[in-house]
Amino acid sequence: SQKIEQNSEALNIQEGKTATLTCNYTNYSPAYLQWYRQDPGRGPVFLLLIRENEKEKRKERLKVTFDTTLKQSLFHITASQPADSATYLCALNSGYSTLTFGKGTMLLVSP
Amino acid sequence: NAGVTQTPKFQVLKTGQSMTLQCAQDMNHNSMYWYRQDPGMGLRLIYYSASEGTTDKGEVPNGYNVSRLNKREFSLRLESAAPSQTSVYFCASRRGGVSEETQYFGPGTRLLVL
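Protein chains in written order, with the working numbering: chain A, 70 to 180; chain B, 234 to 347.
Keep in mind that the hints were calculated from the coordinates and are not lab data. For clarity, every value in this text was computed on a predicted model and none was experimentally measured. Among these hints, one or two may not hold up.
What the hints assert, rightly or not - Distance windows between CB atoms, simulated:
hint, chain 1, residue 1, chain 2, residue 2, range
1, B, Asp259, A, Gln141, 34 to 40 Å
2, B, Glu285, A, Leu143, 33 to 39 Å
3, A, Ser77, B, Phe243, 24 to 30 Å
4, A, Glu84, B, Ser313, 45 to 51 Å
5, A, Asn96, B, Asn234, 35 to 41 Å
To be verified - Computed list of lysine-lysine pairs in DSSO-like fashion (alpha-carbon distance at most 30 Å, straight line):
hint, chain 1, residue 1, chain 2, residue 2
6, B, Lys247, A, Lys72
7, A, Lys72, A, Lys124
8, A, Lys140, B, Lys290
9, B, Lys290, B, Lys242
10, B, Lys242, A, Lys132
11, B, Lys242, A, Lys172
12, B, Lys247, A, Lys172
Glycine is no exception: its CB is placed at the ideal position from the N, C-alpha and C atoms.
Let's have the full structure, built from the sequences with the hints guiding it.
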């Protein structure tokens, strides 16, 4: 089965800096990888999807990279804001219609 | 659109009691999922229904049953609750098909089993 590793320690950064979160996986390379945001007491919300044949994807201040050789995805938030504080989950397809989620990394952006 | 709705929001059960968690989506999605989320464990798939009329086990199905009542509704039943089933339960749905991989989550049901 797929194993996904996200940094379990919270990432603390200052407002305006770029936050970089890491997602590493073992075993097979997924057809795609997704990033979700989860706020306390709420369900995860989809942010970005990147496919195995894509190296980079952008959406506003968000950027995701996918390196199938390193088996790693990096998630960047540029010009971070306190409102970006949340837990970010990495998810890989683990079957035709299922996802395996990482445990998530908490991001704290201080003013 | 309400998206994915779950009831109840909170529930306290005693060991051995049974209950059903309800989930409904109004997005005409084909696939639906039940996850549990525990501290330090992340989201784990309990059961899923790839399409109406089908259900399959996920990573942690023991102690649970599901019913895909129709295209909109997917329920999760605990026949005899155990303290180990104390968790936050999330329902999710997905349109299904190629290029439709995003999952949409409900607000969760917080369950405490004493």
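Evaluated hints:
{"no.": "1", "hint": "B:Asp259 with A:Gln141: 34 to 40 Å", "in the structure": "holds (37 Å)"}
{"no.": "2", "hint": "B:Glu285 with A:Leu143: 33 to 39 Å", "in the structure": "holds (38 Å)"}
{"no.": "3", "hint": "A:Ser77 with B:Phe243: 24 to 30 Å", "in the structure": "holds (27 Å)"}
{"no.": "4", "hint": "A:Glu84 with B:Ser313: 45 to 51 Å", "in the structure": "holds (50 Å)"}
{"no.": "5", "hint": "A:Asn96 with B:Asn234: 35 to 41 Å", "in the structure": "holds (37 Å)"}
{"no.": "6", "hint": "B:Lys247 with A:Lys72", "in the structure": "violated (34 Å)"}
{"no.": "7", "hint": "A:Lys72 with A:Lys124", "in the structure": "holds (21 Å)"}
{"no.": "8", "hint": "A:Lys140 with B:Lys290", "in the structure": "holds (27 Å)"}
{"no.": "9", "hint": "B:Lys290 with B:Lys242", "in the structure": "holds (24 Å)"}
{"no.": "10", "hint": "B:Lys242 with A:Lys132", "in the structure": "violated (34 Å)"}
{"no.": "11", "hint": "B:Lys242 with A:Lys172", "in the structure": "holds (23 Å)"}
{"no.": "12", "hint": "B:Lys247 with A:Lys172", "in the structure": "holds (29 Å)"}
Hint compliance for this structure: hints 6, 10 are broken, all remaining hints hold.
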